[in-house]
Structure formats: structure tokens, C-alpha cells
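Q: Here is what each chain is made of, one letter per residue.
Number of protein chains: 2
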Amino acid sequence: MKRTYNKDIGEQVGQEVVVSGFVHTLRVQSKIIFLILRDVTGVIQTVVEASSPAFETAKGLSHESVITITGRVKEAKQAPGGFEINVSSLEVLSVADPELPIPVVVKGSDEETEAPTRFDYRWIDLRKPEKTKIFKIWTALEKGFRKYWDNNNFIQLYPPAFMSTPSETGAEVFTVNYFDRKAYLAQSPQFYKQMGMASGFEKVFMVAPVFRAEESFTTRHLTEFTGWDFEISYVNSHHDVMDAEEGMIVSGFEQVLKEFPETKIEVPSQPFPRITMLEAKKILKSLGVESGEEHDLSPEEERAISEYVKKEHNHDFVFIHEYHKSKSAFYHMRLEEGSDRSRRADLLYRGLEVTTLAQREHRVDILTKQAEEKGMSLEPLKDYINFFRYGCPPHGGAGIGPGRFIMKILDLPNVREATYLPRDVKRLNP
Amino acid sequence: MKRTYNKDIGEQVGQEVVVSGFVHTLRVQSKIIFLILRDVTGVIQTVVEASSPAFETAKGLSHESVITITGRVKEAKQAPGGFEINVSSLEVLSVADPELPIPVVVKGSDEETEAPTRFDYRWIDLRKPEKTKIFKIWTALEKGFRKYWDNNNFIQLYPPAFMSTPSETGAEVFTVNYFDRKAYLAQSPQFYKQMGMASGFEKVFMVAPVFRAEESFTTRHLTEFTGWDFEISYVNSHHDVMDAEEGMIVSGFEQVLKEFPETKIEVPSQPFPRITMLEAKKILKSLGVESGEEHDLSPEEERAISEYVKKEHNHDFVFIHEYHKSKSAFYHMRLEEGSDRSRRADLLYRGLEVTTLAQREHRVDILTKQAEEKGMSLEPLKDYINFFRYGCPPHGGAGIGPGRFIMKILDLPNVREATYLPRDVKRLNP
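Sequence lines, in order, name chains E and G.
Quick note on the numbering used here: the first sequence kicks off at 384 and runs consecutively.
Quick note on the numbering used here: the second sequence kicks off at 384 and runs consecutively.
One chain only, chain E, in its complex shape (with noise of 0.2 Å):
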């Protein structure tokens, strides 16, 4: 008999059903046994009686064991979803260890435990029905992103992890034993990224792993992530990156909300508020909220800046751009020939930033001397400049971090709490 999901039995009310699950709780009395069991869709109370033959095996039962079980299903107004099963047999297919080391529970449980104690026993955290909420909603907003891509012909690229040489500045990378000699870990996919414009591929996008050997212990920083990159040609200034990034949030908002009707966001309206840098700072020494950097915004920055532009345009996000050139990368192109201002913004949301993007200077000689003004060292640098010599298009794309986006989706205190196994500088397990 094909197997039910616990979502679904309400529409089986009289039939025989066969489910299978989780034993979640269980209240053994004399003459009858309530057993609750879960599956990936939610929970349904059974009833096991003295007089079935289930009886015995449901009694020396543990919690967490795995089962199936068949039964009738009838109308129980005192059930949660207000059926139950009256169980006519039992399989047992995995036997738990009746010592449980955290607790599983449908909510709260975790002021139960604590943080690293759960997140040594991730995979039994991961149980409780809104921890594996999270990835079903990280799951629909990625599918919401690649429609997006899928509608305009972006066209789907692997960068590679292994690099000959470290990207950028040599610093927070990490060294891998490379057979004779070392490799290095990306730090970002964006010089590859790149490189698939001067492929003439005009529009890519990539998901993959990011690297960062950092020694931080904040609420969003891990040493390796998962971003979402995209880049695309013929932009005629960092404005296009902004309409692009913007149209793929709201592709991947209205699947999430399209699967979860629930979850406390909203569409965003189409543009987003863009506010320069330097309309930011007169914006935040008008709010009384300054923190001694000229070009650059801190935490709290952010925060208030989000925090403003929710009471005065009602929106979740807000990109600022048009960064001042100390603040910006060498590959970023000026805003215009001579300016102190680069092409670059970064995207809030809800007080956090979860996007870099820019035009990006694909002209070599101008590429050259940024890099050289920023006292780097161009041996390193070799291929990727080469990468502009036999004709690029003009471009531009940002990095996206998922795992930013679904933390402040749900609110979540952690971006750990949004990764499937977060790695950080201490863990690396399980």
C-alpha cells in the first residue's frame, strides 16, 4: 500500500492509510497508547489499543524510533489537525537510543539548550519542524532566483575552489596541500565570474562555496558559505546590477510566499530606494547616529539606515552606492573618469547587508593603474588581467549571501541557525 503523508490524511477520513515517521511522544495507559508521530509534513495523533496485536511493540517504544504504521483513520476532534489513525499494525524500521542527547520538541526548544550543544547534534535539532522550515523556505527562495535566470538566458557556470594563486590581497585565505605545492581556496567566484564575460557568455550565474579564513566570531561571519553570484554584460552603469538584483529578489519573495504564505515578508516594491553614500551620512548626522568613518557605514549605520528608509518609504531594502574610492576595490569601475566615487553599492536589508555589486573597470589600462594606485602587486594579478586584453564587454554583478537573506527573513539570531552545517572557526563538526 503506498505510503501517506501526515498532511494528507484528513482527506482519508474511513480508509485504511499507511504512514510512517518518527515517534514524537507517547502516553502509555493500561488499556490504550497515544502515540504522535512525524513526518517531513507535520504530526498525526495514533491510537494503538490493548485489544491490537501492535499493542506490545508500541508500548517498548522510544522516542525518535522510526516507524510505519497501518491503521484507520477517523474524525478525532481533541487531535492536533483534528484526525487521528487507529493503528491495526506496526513496523519498527530504526530503534532510537531511549537517551536522547537534546531534546526534540514542535517549539522553543532552544532556550532549552544551548547553542553549541545543539549544533553538535545538528541533524536532531534539525528535526524540529521549524528548523527544517528554514531550508524548505531557503529551497523555495532559490527556486524564486532561478526562474529569474531561467527567464532571461542566464546561462549556469562551476567555478572552481582550487586557485594557483590567492585572489585579492593573500590575506584570510585559505592554503591547501596541492600534491608538490599549495593551492588556495576561493574567496569568491567573481574573477571567474568574469572571465565568463570575456567568454562572451553575457550573462551567468553561479552557486558555489565561498572561503574566508577569518577569525571572527560574529552572529553573521562562517569560514565557508554558500553564495549566489550572478554578472552580466553591456551594462551601462552599476544601475543595471541594481535592476537586475532587484528583479531576482522579487522572483525568489513571491515563491517563497507563493509556498509559505506565511512568512512575515513582502513583495518589495520595483526600485528599490538607491541612496549615495554621501546622502547616507547627512542622513545619519540628521539622525544623530554617526560612527567616525567618512566613507563607510558600521553595523549600526546600517541598522539606522534600514530603520529610516522603512518609516519614510516603507521598504525593506535599500542600496547604497556610489562608495568612495578608498572603499573600494581596484576592479570597481568610477563613477565617472577622474572621480573620487566608484560604481559600487551595497544592498540592506532589514539593517543587514547581503549584497556587494559594482560595475566592474574592464578597460586594461585603467584596470592596470587602479590596481597599481592600491599598491598591488600585478604578478599575481596576471591572469585575471588577462582576462580584459583580447576584448571584454562592459559589466557588472554582485554576490548574494543566501544565508544572510533567509536570517533576516525569519529573524532567525544567527546566520548559523540558517546553514545545514554551519563551519566556523571552531567547529567542524559534525
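Hint data in this document are derived by calculation from the structure and do not stem from the laboratory.
Only a predicted model underlies this, so the values are computations on that prediction, with no experimental measurement involved.
Incorrect hints may appear among the rest.
Distance condition first, Cα-Cα at most 20 Å in a straight line; then the derived SDA-like pairs of lysine to any residue [to be verified]:
id, chain 1, residue 1, chain 2, residue 2
1, G, 665, G, 709
2, E, 565, G, 709
3, E, 586, G, 385
Per label pair, the in silico range of CB-to-CB distance [claimed, not checked]:
id, chain 1, residue 1, chain 2, residue 2, range
4, E, 766, G, 391, 30 to 40 Å
5, E, 760, G, 445, 21 to 31 Å
6, E, 755, G, 530, 45 to 55 Å
7, G, 530, E, 595, 30 to 40 Å
8, G, 457, E, 595, 52 to 62 Å
Cβ coordinates follow ideal geometry from the N, Cα and C atoms, glycine included.
Model the placement of chain G on the given structure of chain E, informed by the hints.
A: Here is chain G on its own, set in the frame of chain E:
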């Protein structure tokens, strides 16, 4: 004015259009210049007359420079595609060095340049339309796989690359300097997929890089490649895993043929032929193909059995299953208790292994016993074995190498040609 793609020029006869792309070829005569422009959709002939203000600029162009052209479309029987653009203005976006390290031709270029040199200049190599197409087809294939995952409620997860202990044997694993200790790069996301089953996710897929420190110099091995992985719960045997994989492949092939009907593949009929290793060896013996290895197939045997299946069943795919325990991992479930055969299957496509799949052993006592029988040390497996200690549904899954798939779909000579930026023992650049 909005840019028109080269493929859409025919819809604009008599109209003024803007097109952008690379200077593919340039034929300068005293009174007229023929310039073929290449974009991601194809090539178009443009004509610059001596009377045009663009004439002097066009005359000085180098091959592969990137330009934007404005001009009027007209029918032209002798032009490729049957249309040409009469140029009124021309803007140079990027100047290519006149000395190209490798040529960019529409077809047949691979005979002209040795592979190592082509890969040194991979971004130019990929400009050839038939190379760009490899990645368009990959994008379509993955889109088809994702349709299956989407329609069947799979959850997408991202596995970590960093591990605290080497998975499985410890051989062929890359070591990373991780702050004050060592980390290891995942050789497979399998353990993390299985963890998802222990978390009750029931159906998951992962798209992630896989790292193998193998000193292989074959046409089908890389040190880093993209893996498509899935895992499903409540399977009755490895046949359920094969059923699921067939569904994915059918969906992927349908998508490729929808977007690129000229591709030389067929949507395979279901079920795919399934032959046990014992049967396969009998067939091979009758064909006079023998490797001397009793329990595994040599590359020659893989080709021979595929040819046999093609001839007998007119099918490009064949599952070889029920492997001997000596060729099964400790985590492969045995066919029956005490059997020397396991629930492992390999999928061959056009003579090449593209997948290994199995039902896993989810019972902690048998799993431990099987690891001990293989002479494995249990300490590094502790985290993994613990996944099954607190309840875990029976499950199985597969790992698919999309690079190998694409290689066989397009009949490429080497998996490197199906890889954006291949990495092997010798190659870490560009």
C-alpha cells in the same frame, strides 16, 4: 534604443537596431567593410560603407574587440542567416590586443590548437559558439533535474566542504591549513545527505563541489568537480533509488531536447535495463570480453556491456547492480542478511559510469559490524555512525557527475571539455 540580439535581427527588417558583440571577422576593402559581429546568440553580417562616419573606426578595429553598432537591417541572401546590418554608427567598448594567443573560429578550432594551450586561454577558447553551447546544455540539463526535484518536494541543502576528519579511507583527501589545526575537503557529500535523512528531511538534493586528491591523468578524472546528489527515505531497496534517478534523467533529457532539439540524445524509456553483476559477467563472457576481475567492470567491460544493451534493448543506459561485498562500501546495505551481495548499483551511460547509488545501512549495529569487517577504525567514523543512533529512516541515494553526463551527451573526448575551468594534478589556472 534597446539592444537586439543577433538571432532576432530577422524580425527587424527595415528597422534601425542596436547590436553589441565581438568583432568576429573583418574584411576591409577600399569602399566597403564587411564586419561579422558575434554575440551569445550567434553571428550577423554588418556592412560599413565608405560614406559612413563609422568607416574610419571600423577600419582600425582588431579582431575580438567589443563594439556596439547602430544600423538598419536589410535582407541579404549572401549573408549568413540571410540578413545584414548597414552600419550608421559604431562605438568601441573594448579594444582587443591584435595578437590573439589562440584563434576564435566557429568550428574545427580544436584541431588547430593543442589542448593545454587552449586551456591556458580558456576564456578565449570558450568564445567558440560550440563551446559556449556546452554550458547552455548543462544549464538546461540541470533545469530538468531541478524540475523533478521540485515536483517531488525535495529540499535543497548545501553540504560543507570542510571536515574535521577525512571521510572514508583518508587516502585521496586534500588537507587544508585551518587556523591552528588541519581540516579536510569533502570527497563526497554523501554523509551529509544521509544526515538529512536522520533529520527527517525525507528527500534532499545537493549541488556541490567534490574534491579528490587522486593523481589521475585520465580523460574522466579531475581533482575537483561538481556533483549532483540526492537521497530519499523510506526506500524498500536500491530499486526505489534507481526509479528516482530515472525520473530525474528523463526530466533532464526532456528539458535539453526542449531547448536544443538538435541534440543527439533520446528521452530514455523507463524502466532502464537493470542487470546484476553476475548476469553482466555471464554476458561479457559470452561476448568474449573478460577483465580477470571477478566483481567489478573494467572500462572495456563497461563499454562492451553498454554496446550489448544498446543492441539488445535499444537503450543508452544500463544499471549494473548487486555488487559483491568486496566492492561495496561498509555503509552499503546487503541484499539480504548474510548475503555476499549488496544493494549497490552503478549507472552506465553510453559506456561510461556516471553514477553510483545504493540503499544505505541505517541500522547502527549492522553498520558498525560492517565497518569492523572492512578493518576500519571506528573513531573517525564516530560522528557518522551517531547519525543512526537516535532513529533514522531506511534510505538510499545517488551521486551523479554532470560533467561526465555532458561529455557523453555531446560526445566530447574529455571531461575537461565539459568543465568550465578544469582542475587536475597539473592545472590550477587560469
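Q: Which of the listed hints are not met by the structure?
A: Violated hint: only 2; rest satisfied.
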